[in-house]
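Undergrad: Below are the chains, spelled out letter by letter.
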Amino acid sequence: MQKVDKTVNFETNRPILVMEKLCKNYLLGSVELRVLREIDLTITNGEYIAIMGPSGSGKSTLLNLIGCLDRPTSGDYILGGQSVSLLDDDQLSMIRGTRIGFVFQSFNLIAQLNVVENIEVPMYYQGFTEYESAERARELATMVGLGDRLSHRPAELSGGQQQRVAIARALANDPLIILADEPTGNLDSESGTEILAVLDNLHEQGKTLIAVTHDESIATGAERVIRLLDGRIKKQEYNNR
Amino acid sequence: MHRLRSTLTMLGIIFGVSSVIAMLAIGEGASRDAQEKIAQLGSNNIIIKTTEPVEEQSAGGQRQTLKEYGLTYADAERFRSGIPDVQVIVPNRRLSQQAQYRTHRVSIEVIGTVPWYPEISQLRLKFGRFLSSTDMHYKQGVCIVDENLVKELFGFDSPLGQHVKVASDYYRVIGIAAEQSSTTASSAFGQKEAQTAKKSGARLGSIYIPLTTVRERFGEMSLQVSAGSGGTLERVELQEVIVKVRDIDQVLGTRQSVQTLLKRFHKKNDYEITVPLELMRQAKEFQRIFTIVLGSIAAISLLVGGIGIMNIMLATVSERTREIGIRRALGAKKRDIVFQFLSETLILTLSGGILGIILGLSVPVLVTHFSQMRTVITPSSLFLAFGISAAVGITFGLYPAYRAANMDPIESLRHE
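If you're matching them up, the sequences are chains F and P in order. Heads up: the first sequence at position 4 corresponds to 4 in the numbering used here, and the numbers run straight through without jumps. Heads up: the second sequence at position 337 corresponds to 1337 in the numbering used here, and the numbers run straight through without jumps.
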């Protein structure tokens, strides 16, 4: 079994995510559904990437694979210098916990936990002490502008605020990649703009961002737009910012 | 977690655990009561009592005017000389009488006995001395008074050296004794029973007098008056003979010898043999069955409680599918999820267990208070109950926890 190396630290402009001929098939009864077909993708450290495409193009499947929630049928996926295609469930959990920060469309905060506790969740599974994680959670909450809402529950926050908590939570274990799935999808345009500003800010701090979206405003903000169609990368556009 | 739902779920465990404790406490109390009473009879003793034989009404309806039956001095002598393992033999007369001191009168039982009576009983001398062979030989008018009688009969006077009148004679008090015996009114609830005994005019206690004295002064005849048929004269030599063997292993064999001897010399069935050892064994067997029955009832109630817990945990898991997905995405391993749900189940069952123990401790107290039944709470029953609730939590929590852990993270994130 491969040991998960937690100490990878890549310089800017080195590839941190490499996909080679990555395929994902699903069995629907006896029919094999080929959702992703030979995806080749390289993402370097500090990039801001938007993955776009119509529904059914394989966006969500690609997102699940990048996020190590699923394993490819074939091909290789190297994240932070380590092949993750063949890891077992526990190792994938560890990778998710340490290298990926998820931001979801519907925020996915845990309703019975307050802001600080929600941000603490990823740290809890990495064995932080309660003091360390509470301290860091408070810092992160303050960073995303929720320093005065520390003990509020998700239901007491606006959509934009909830998404900021989610972003703070994604940053908790200082991951290699922030993986955002339609981060503005459930927000009004004003909150959406706010969230985009937060993401831009993270990018400026050198974080690698991958956003799966329909939102053209994210696409314009990103450095590279990857367009999927029928399970293939149709084209990649580079924005000059 | 929903508070009401959790509380309702816990009720199963609460009642299960408290019934385990309460039932064990009641069972243990009853068993100790029985065993103590039997132990007072003496485990090495064989008690032979005179019983009035069933009257065979002859066709002519001829009324017997003199009935002779029961154990005799000859029987006691035969036991002594004919049975090898006998350690002591105590022949007793027992008579219901009135005792009087100055103006106080109480109903008592006169026990005519021998100096070695204390060897076969739980009699403890509090003051003075017991009967001696000199008392026997000279048929002295002396007596030992039961502790229970002292206050009733003597008030604040010191009884030693005083004279008590029984029937038409006076007896000098030479000792005060306390006996824990099923034949006297004093038992585990001595005070209370003594109170009721006094009200109902039943015998309060016993007065011990030398057997020889009783034989001389009271004779062996008594007149039984029955309605419409005048009186019947009865002649009974001894009310009971207690045979004590040296070793507990000899009890059953000696019982056989006693029975054989009695059968040979008694044509009528005018005796009854009691073996405390056998009673003790029966009591133990009864206790075992009792424990099994109570245990099964408690086990079933805990099973039902456990199923309730499992049911509620399955509902909780399916309600929180989304949360499970989130936690898995954020780095929770399967075992983290198992641990989370298992510990929730354990918290639920253990708090149920603790509440159950509190309830279980109070039930025996109430039972004792209202029914005078003896209850004994053993520490082991508390550990047992607590252990059971933990076991129920783990057993019935594992499946829901595993189900939660094995959910597909992608599917659970999509769950609404």
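Be careful, since some hints might not be right.
[Stated by the list, open to error] The following label-pair restraints were derived from C-beta to C-beta distances:
#, chain 1, residue 1, chain 2, residue 2, range
1, F, L113, P, H1369, 44 to 50 Å
2, P, V1293, F, G29, 51 to 57 Å
3, P, H1415, F, C23, 55 to 61 Å
Hint data in this document are derived by calculation from the structure and do not stem from the laboratory. Beta carbons: idealized from backbone N, C-alpha and C, even for Gly.
Undergrad: A separate judgement is required for each hint: does it hold in the structure or not?
TA: We went through each hint and held it up to the structure:
no.	hint	in the structure
1	L113(F) - H1369(P): 44 to 50 Å	47 Å, holds
2	V1293(P) - G29(F): 51 to 57 Å	55 Å, holds
3	H1415(P) - C23(F): 55 to 61 Å	27 Å, violated
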